[in-house]
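Student: Here's the letter readout for the chains.
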Amino acid sequence: MTSKRTGWVFLFLSITLCISAALELSLGPMTIPITSIPSAVWSYLHGARGTDEVVVGAIRLPRLLVAMLVGAGLASTGAVLQGIFRNPMADPSIIGVSSGGSLGAVLTIQFGLAQASQWYTPLGAFASGLVVVFVVYRLSTTWGRTSIYSLLLSGVAVNSFCSAIVTLVLSLAPLQTMQQMMFWLMGGLDGSTWSECLILAGLVTAGFLIYLSQAHALDLISIGEEHAEGVGVSLQFTKQVTLATSAFVVGACVSATGVIGFVGLIVPHLLRLWMGPRHRNLIPASALGGAVLMLLSDLVARMALLPVELNIGIVTSCLGAPFFLFLLRRQELRSHRG
Amino acid sequence: MDKSFPELRLEQVSFRGVLRDVSLGWAPGHLIGLIGPNGAGKSTLLRIAAGIAHPTSGAVYLRDKLLRDIPPRHRAKEMAYLPQHVPENVMFTVEQYVEMGRFAYRTAWGSLDRESREAVRQALNTLNLSRYRDVRLERLSGGERQRAGIARCIAQGSRIILLDEPISNLDLYYQVDILKRLQLLAHQGYLIVVAIHNLELAARYCDTLVLLHNGQVYAHGSPPEVLTEQALLDVFRVPVKIYTDPHAGYLRVSHLS
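Same order as they appear, the protein sequences are chains A and B. Each residue of the first sequence is one higher than the one before, counting from 1 in our numbering. Each residue of the second sequence is one higher than the one before, counting from 1 in our numbering.
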């Protein structure tokens with residue numbers, strides 16, 4: 001029964017993904033009929049530079065791919081971290097990579113590096129995200145064992161420390177720099193390029209495969225660390241591998257689009273309720289679901305107040321915050337029923 | 001197989017003041033009961049014997065090898081361990097959970113091989129869980145969850161099984177049922193170590209008892225050797241009368257206070 005339902009979930013997600021991808025390519029200030037999209041992509045790839053070709057091939061297609069990859073990366077990381085933390089409220093930002101990334105990005109803008117090359121801000125975000133995760137990891141590891149509780153708490157502490165520094169930098173920055181920083185912090189897909197796409201595709205795919213290789217171990221860890229060790233899971237190895245991988249994947253996502261909240265929280269949580277907790281199914285389904293949610297949010301962001309384009313971070317957070325509260329409430333009700 | 005040679009050996013094991021200088025050796029073919037009051041170190045001893053915690057001094061040997069040096073997957077093929085609590089809020093089905101016992105035998109990408117599926121099927125049958133196969137663990141009663149935990153250990157197919165209070169949540173029927181099954185397995189050549197609180201059941205089904213007191217071995221031997229009135233007074237601080245039940249022929253412990 002479970003496997004049948006899993007099949008339906010994958011089918012549903014794939015169909016939704018196709019439809020939302022088609023809409024994403026077609027809709028916008030300039031609507032391009034869905035039927036002429038394949039030919040536009042084809043001619044763009046073969047060097048044609050008409051209006052349709054440029055809109056689809058140079059603007060919307062990279063944007064679509066970046067949105068999908070970021071959604072897939074964040075949601076599959078969310079699935080993995082929720083397993084490791086044995087907590088459905090865990091989110092990719094929990095290990096400090098997002099706030100670390102924000103700090104790095106804000107600092108590169110503050111020190112004027114952003115003007116020197118368009119790559120410095122994302123690189124700064126990526127690097128500082130990794131550094132912060134490493135600090136959080138070291139803080140919560142003693143005698144070669146990483147405690148999940150201290151990981152969680154160090155994550156919270158380091159997150160708020162980074163946020164404080166970001167706020168400090170923001171409040172001291174001149175208006176124009178501050179706007180630039182805010183723009184980055186809010187997260188956005190505009191200006192997505194093909195080179196961004198390729199880098200993201202490499203990192204997210206590699207991360208996804210590494211996550212999948214740990215799927216059985218994650219199943220066990222989500223039940224309990226001692227259960228996992230009792231059947232032969234190398235606990236510390238799995239923790240190190242998944243934490244390092246999530247740092248790279250989320251770091252890449254954050255540096256491509258800024259911080260986009262709640263995708264990594266909602267998608268795996270919902271899918272777990274829907275198809276069960278097996279990571280072997282949950283990780284790929286979350287990747288698909290994350291891609292779908294990002295595309296749908298981006299559609300809303302672009303179309304809701306046409307011609308004004310909302311920031312996608314606003315849309316995912318507006319969807320995510322009420323949902324998060326709903327989860328919190330539901331969990332409390334459950335624990336009261338006991 | 002030589003039944004007298006200890007398969008699992010603890011040599012002068014100490015652990016952060018919880019265990020002090022514990023030396024024990026157990027041969028296959030025996031059901032060993034760890035008894036002692038709360039906080040005596042039973043769980044810690046099991047975790048160390050399972051290679052999940054490492055002693056602060058002393059060493060644990062699996063046959064002639066230092067347990068610490070055996071990679072987790074290899075260790076799991078030799079030895080299964082079940083912690084005291086099978087958590088309540090687990091969304092996995094019973095079958096999925098028992099399949100996890102085969103972790104050491106599966107690759108990251110492949111599905112369960114035939115041998116593993118057979119082991120899972122047998123473990124479910126052994127513990128009368130076949131009809132709960134597709135039920136989520138969170139929907140089971142405490143006792144059923146406990147049985148699922150034991151089934152997972154049996155599915156693991158290792159010849160040493162360490163169980164931390166496996167019968168503590170069970171009703172009398174399953175307490176006896178599980179102990180009988182464990183005894184049978186032990187006599188088929190397994191080495192099974194259980195932490196257990198029920199002294200009478202321990203005396204009746206275990207071949208050897210280890211009485212722990214303040215992190216040290218107070219007594220180690222056959223049930224009548226270990227369960228003496230003086231020992232129980234010293235360790236549990238309860239005066240007891242120990243006698244053989246004239247009807248059933250088993251050791252009875254009745255407290256006098």
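Because the hints were derived from the structure by calculation, they are not lab data. Certain hints may be false.
To be verified - What the simulated footprint calls covered on chain A by chain B, stretch by stretch (three residues with Cβ under 8 Å from a Cβ of chain B suffice, anywhere in the stretch; the number is not a length):
no. : stretch
1   : 11–20
2   : 224–231
3   : 286–300
What the hints assert, rightly or not - The calculated label-pair distances, taken between Cβ atoms and stated as ranges, are:
no. : chain 1 : residue 1 : chain 2 : residue 2 : range
4   : B       : Asp177    : A       : Cys18     : 32 to 40 Å
5   : A       : Ser213    : B       : Asp177    : 52 to 60 Å
6   : B       : Thr244    : A       : Ser213    : 38 to 46 Å
7   : B       : Gly142    : A       : Tyr149    : 45 to 53 Å
8   : B       : His54     : A       : Val156    : 28 to 36 Å
9   : A       : Tyr149    : B       : Ser168    : 20 to 28 Å
10  : A       : Ala157    : B       : Leu66     : 33 to 41 Å
11  : B       : Arg131    : A       : Phe10     : 27 to 35 Å
Unchecked claim - Here are a few chain A residues that face chain B, going by a calculated C-beta distance under 7 Å:
no. : residue
12  : Gln179
13  : His216
14  : Leu220
We treat Cβ as the ideally placed atom computed from N, Cα and C, and that holds for glycine.
Student: Now tell me if each hint is right for this structure.
Tutor: These are the hints, each one checked on the structure:
no. : hint                            : result
1   : 11–20                           : violated (count 0)
2   : 224–231                         : holds (count 6)
3   : 286–300                         : violated (count 0)
4   : B/Asp177 x A/Cys18: 32 to 40 Å  : violated, 54 Å
5   : A/Ser213 x B/Asp177: 52 to 60 Å : violated, 39 Å
6   : B/Thr244 x A/Ser213: 38 to 46 Å : violated, 58 Å
7   : B/Gly142 x A/Tyr149: 45 to 53 Å : violated, 25 Å
8   : B/His54 x A/Val156: 28 to 36 Å  : holds, 30 Å
9   : A/Tyr149 x B/Ser168: 20 to 28 Å : holds, 25 Å
10  : A/Ala157 x B/Leu66: 33 to 41 Å  : holds, 38 Å
11  : B/Arg131 x A/Phe10: 27 to 35 Å  : holds, 29 Å
12  : Gln179                          : violated, 46 Å
13  : His216                          : holds, 6 Å
14  : Leu220                          : holds, 5 Å
Violated hints for the displayed structure, listed by number in ascending order: 1, 3, 4, 5, 6, 7, 12.
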